[in-house]
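Chemist: Chains as they are written, first to last, in this note's numbering: chain A, 2 to 407; chain B, 190 to 637.
Hints are computed from structural coordinates only; laboratory data are not their basis. Hints may be right or wrong, so weigh each one.
As the list claims (entries may be wrong) - Partial pick of chain A residues on the chain B-facing surface, computed with a CB cut under 8 Å:
1) R116
2) A122
3) P123
4) P124
5) A150
6) P152
7) F156
8) L158
9) G160
10) L161
11) L219
12) A247
13) F255
14) G258
15) Y399
16) T401
To be verified - Quick list of simulated restraints, FRET-style, between CB atoms:
17) B/T450 with A/R169: 23 to 31 Å
18) B/N530 with A/F28: 17 to 25 Å
19) A/P217 with B/Q272: 20 to 28 Å
Here a beta-carbon is modelled for each residue, glycine too, at the ideal position from N, C-alpha and C.
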Amino acid sequence: MTRSTTRLMAALGIVLGAAACNNDELFHNSTQDPVNPLFTRYASMGNSITSGFQSGGINDSTQIQAYPVLLAKQMHTPFWQPLLNRPGCTPPIVAVFANPRTYVGGATATTCALRETQTPAPPYINDVAVPGAYAFSVTNNLDPNQSHANPLTTFFLGGLTQMQMLKRVNPTFFTAWVGNNDVLNAATSGGDTTLITDTTAFKASYTAMLDSVASPTLKGGVLIGVANVTLLPFFSKGSTYFAIKAGLVPGAAFPPGFIVGPNCAPNALGGSGDSVLVPFPFGIPLVGAAAAGAVDTLKCTETATVQPAELRRLAATVTTYNTFIQAQATARGYAYFDANALFAAVPPGSIPPFPTISGAASVTAPFGNYFTRDGFHPSGLSHKLVANGLIQVINAKYGTALAAIP
Amino acid sequence: MRGTALVLAAGLLPAVLGAQGFGVYELSTCTMGRGGAVAASPCADGSAVFFNPAGLSALSGTHISVGLTTITPSGGFTDDIFQQHTDMTSQTFVIPNVFITRRMSDKIGVGIGLFVPYGLGTKWPTTFAGRFAGYDTEVKTFYIQPTVSYQVTPRLSFGLGIDYIHASVALHQRLDLSTFAAAPGITLGQLGIPAGTDFGNADLSASGNGIAFNGGITFKVNDQLTLGGHFMTKKTIHFSGNANFQQLPTGLVLPASNPITGTVLPIDQFLTNTVFNTGGPLANGPATTDVVLPDQGTIGLDYKFTDKWHVSADYQQVVWGWFQTLQVNFQNPATPPLVSNEYYRDSNGFRVGTEYQYSPRFTLRGGYVYNSAAAPDETVTPRLPEGSRNSFIVGVGVQLTSALHGDATYMYLQQNDRRGRVSESSTVNTGLYTFKASLFGAGLSYSF
Numbered sequence: 002m003t004r005s006t007t008r009l010m011a012a013l014g015i016v017l018g019a020a021a022c023n024n025d026e027l028f029h030n031s032t033q034d035p036v037n038p039l040f041t042r043y044a045s046m047g048n049s050i051t052s053g054f055q056s057g058g059i060n061d062s063t064q065i066q067a068y069p070v071l072l073a074k075q076m077h078t079p080f081w082q083p084l085l086n087r088p089g090c091t092p093p094i095v096a097v098f099a100n101p102r103t104y105v106g107g108a109t110a111t112t113c114a115l116r117e118t119q120t121p122a123p124p125y126i127n128d129v130a131v132p133g134a135y136a137f138s139v140t141n142n143l144d145p146n147q148s149h150a151n152p153l154t155t156f157f158l159g160g161l162t163q164m165q166m167l168k169r170v171n172p173t174f175f176t177a178w179v180g181n182n183d184v185l186n187a188a189t190s191g192g193d194t195t196l197i198t199d200t201t202a203f204k205a206s207y208t209a210m211l212d213s214v215a216s217p218t219l220k221g222g223v224l225i226g227v228a229n230v231t232l233l234p235f236f237s238k239g240s241t242y243f244a245i246k247a248g249l250v251p252g253a254a255f256p257p258g259f260i261v262g263p264n265c266a267p268n269a270l271g272g273s274g275d276s277v278l279v280p281f282p283f284g285i286p287l288v289g290a291a292a293a294g295a296v297d298t299l300k301c302t303e304t305a306t307v308q309p310a311e312l313r314r315l316a317a318t319v320t321t322y323n324t325f326i327q328a329q330a331t332a333r334g335y336a337y338f339d340a341n342a343l344f345a346a347v348p349p350g351s352i353p354p355f356p357t358i359s360g361a362a363s364v365t366a367p368f369g370n371y372f373t374r375d376g377f378h379p380s381g382l383s384h385k386l387v388a389n390g391l392i393q394v395i396n397a398k399y400g401t402a403l404a405a406i407p
Numbered sequence: 190m191r192g193t194a195l196v197l198a199a200g201l202l203p204a205v206l207g208a209q210g211f212g213v214y215e216l217s218t219c220t221m222g223r224g225g226a227v228a229a230s231p232c233a234d235g236s237a238v239f240f241n242p243a244g245l246s247a248l249s250g251t252h253i254s255v256g257l258t259t260i261t262p263s264g265g266f267t268d269d270i271f272q273q274h275t276d277m278t279s280q281t282f283v284i285p286n287v288f289i290t291r292r293m294s295d296k297i298g299v300g301i302g303l304f305v306p307y308g309l310g311t312k313w314p315t316t317f318a319g320r321f322a323g324y325d326t327e328v329k330t331f332y333i334q335p336t337v338s339y340q341v342t343p344r345l346s347f348g349l350g351i352d353y354i355h356a357s358v359a360l361h362q363r364l365d366l367s368t369f370a371a372a373p374g375i376t377l378g379q380l381g382i383p384a385g386t387d388f389g390n391a392d393l394s395a396s397g398n399g400i401a402f403n404g405g406i407t408f409k410v411n412d413q414l415t416l417g418g419h420f421m422t423k424k425t426i427h428f429s430g431n432a433n434f435q436q437l438p439t440g441l442v443l444p445a446s447n448p449i450t451g452t453v454l455p456i457d458q459f460l461t462n463t464v465f466n467t468g469g470p471l472a473n474g475p476a477t478t479d480v481v482l483p484d485q486g487t488i489g490l491d492y493k494f495t496d497k498w499h500v501s502a503d504y505q506q507v508v509w510g511w512f513q514t515l516q517v518n519f520q521n522p523a524t525p526p527l528v529s530n531e532y533y534r535d536s537n538g539f540r541v542g543t544e545y546q547y548s549p550r551f552t553l554r555g556g557y558v559y560n561s562a563a564a565p566d567e568t569v570t571p572r573l574p575e576g577s578r579n580s581f582i583v584g585v586g587v588q589l590t591s592a593l594h595g596d597a598t599y600m601y602l603q604q605n606d607r608r609g610r611v612s613e614s615s616t617v618n619t620g621l622y623t624f625k626a627s628l629f630g631a632g633l634s635y636s637f
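Looking at chain A on its own, in the form it has when it is part of the complex (with noise of 0.2 Å):
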């Protein structure tokens, strides 16, 4: 072999080799790596709250804002959740106190879109909370009485109890919100005390959650109370009616048709107004009739109210379930969270006693900034308060250093 062909086959070979290195690369990023290996798999149990619902609907634009999507954004870990086309199922509320009442993308409350095709198709759904759902439905979806199914039961887990979806994450990592409608349901429906969950029942339930939900993989989680029905801005004290009857809150009146019975006086001054709640389904409409002319009367005895035997009854319940989540939760070395204190703690005013109804404000934000159009589930602010709260006690139980949301 000559000299330079030695020297031309050499060449001919580093051209080939760099050839030969021109190789593609993953796509992962940085914010794809878990900051703890705590969270390398986080999911979510919930209900109406934790898969995002807001202004009485629910769609991928509610979804995103949810506290799981939030928390596992800091926790860099991936999530997955079961997005349903604009404008939901059921549409959120635009326009809460017009008549007829609006909806996103001009839909009805009837309007269902289906599961948006995600690609690539998600391994499994992180967020496996569903609307509606009881501490029952965790584990069951199918008990007609106990179960509570609706077709967003399907359309979010398609035959798969929250557990089993749950299993299939796999998670090392998990919160559960679950509860809620055990009682709010039952404050929601004039106080009907009839449909809270038996405390005996609901501890029953809840073990059976977190006795399934425990593996050799899970590394933590967090519980979180049930809320608290006097919080919630869908509920007005009857002697809130009363004082805006009376002048006493400046810059709220009612119109003259719209009378507020005696019995929803202030308790100090003779009536039962501080410990009955009005749901705004019920008494706004009063004041709207009022205002087209009409006459009527605000009792505080309405069966449509809740009753402060009622609201004791409710009272009692969540903190018998707090209770029991809490210790619970110290039993089994989870961390616990109360969110009830963290809604107590907003600058006064920011839940309003009752809702705007005229002007602006009652289309934006008639229950305040805190909660959407529904007066019952929170916004995109609260949402991020209930994680940058849970990211509080996350750090504190396990001393994992997960950034605040700014």
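Assemble chain B onto chain A, guided by the hints.
Modeler: For chain B alone, coordinates are given in the frame of chain A:
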């Protein structure tokens, strides 16, 4: 609820057609040792029948050669997010070849070859995310090509062969309930069925025959330089076979208020009664399709530096641009035809090889091959995780007796890592495929 039935057949033909990924050019141990760069100067083992029919004119006497090539591929897929790696299931394939040639006169040579230009397969664990695109694909072909060559002048020769082709394919894949059509334009996934829900196993076996032509030319410029090329025509294979479906239990039970029936619905029983039943969309039955195997051509040169050493180089193009879509038809009227977009593009191969007569008994060989990919970025799937590739080859020939010659060759094939997807329905690539293979060839040639 018909669409998913056809996912089965979508996997069939790309595997057959993957000449770059499933193509086999190692049809002679001697040729393999020279990197396949033999268009201008085929080996003397009769493999000119395939590599350039005109080369038969350069052979004297009678040659009978047999050979085997073992191919042991390995590879895997790593997903972007979890960086979870799945290895392909290890397999070894044995590819035979037989060539017989005879010089009939000063100007005419004839021959016949039996070879396997398409073969191999891919196998993945049934837990792999890509199992719905195909977890076990196997392609078997054989070509029989009678050939004649004519020496126009001492410098110029032509050759022509007619190929009878028989091909068979077996495809196995899982069926994903979430992709199943619940109503026109609506999948069960849109109603909540979790992605990746195995509800059936689909097996398709089919075979077909076809005819092609393979012509070649060689031109000897001078005592050192020879030019050559061959061209194989486009050929149509009509595959017919059977699609068999087996139901797999999902264990899913839809709760009350579900959007399908509104009442508690055991999915498995529902599928048994409406999908896998006689006449249902996934009832077993015949399936057919026509496939055009594209033209391919090679041009090359061979330069003789000394009496003992020559170097050759080839350029090959396969006109995969013909293969844009694929339609599979089912005899079952409940199962509509499937149209699958493939969007293949023409592929190129660059080959260099050399041969050195080390001694009267030993011949040393070496080569390098670069192939570009036929599959575009959007159709790199588990069935054919194809990409551009580099192959490095060494070989040796041994004159065992005055009439008997033996050859041995080793090739290492390294495919460039290629981004791809695990589902045909995905609109983005979700990870990285890796692929490599070791090939070993051995052959015997008897001349008289």
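Chemist: Hints first: check each against the structure and report whether it holds.
Modeler: Status of each hint after checking the structure:
no., hint, verdict
1, R116, "5 Å, holds"
2, A122, "4 Å, holds"
3, P123, "6 Å, holds"
4, P124, "7 Å, holds"
5, A150, "4 Å, holds"
6, P152, "5 Å, holds"
7, F156, "4 Å, holds"
8, L158, "6 Å, holds"
9, G160, "3 Å, holds"
10, L161, "7 Å, holds"
11, L219, "18 Å, violated"
12, A247, "46 Å, violated"
13, F255, "40 Å, violated"
14, G258, "41 Å, violated"
15, Y399, "22 Å, violated"
16, T401, "21 Å, violated"
17, B/T450 with A/R169: 23 to 31 Å, "24 Å, holds"
18, B/N530 with A/F28: 17 to 25 Å, "23 Å, holds"
19, A/P217 with B/Q272: 20 to 28 Å, "22 Å, holds"
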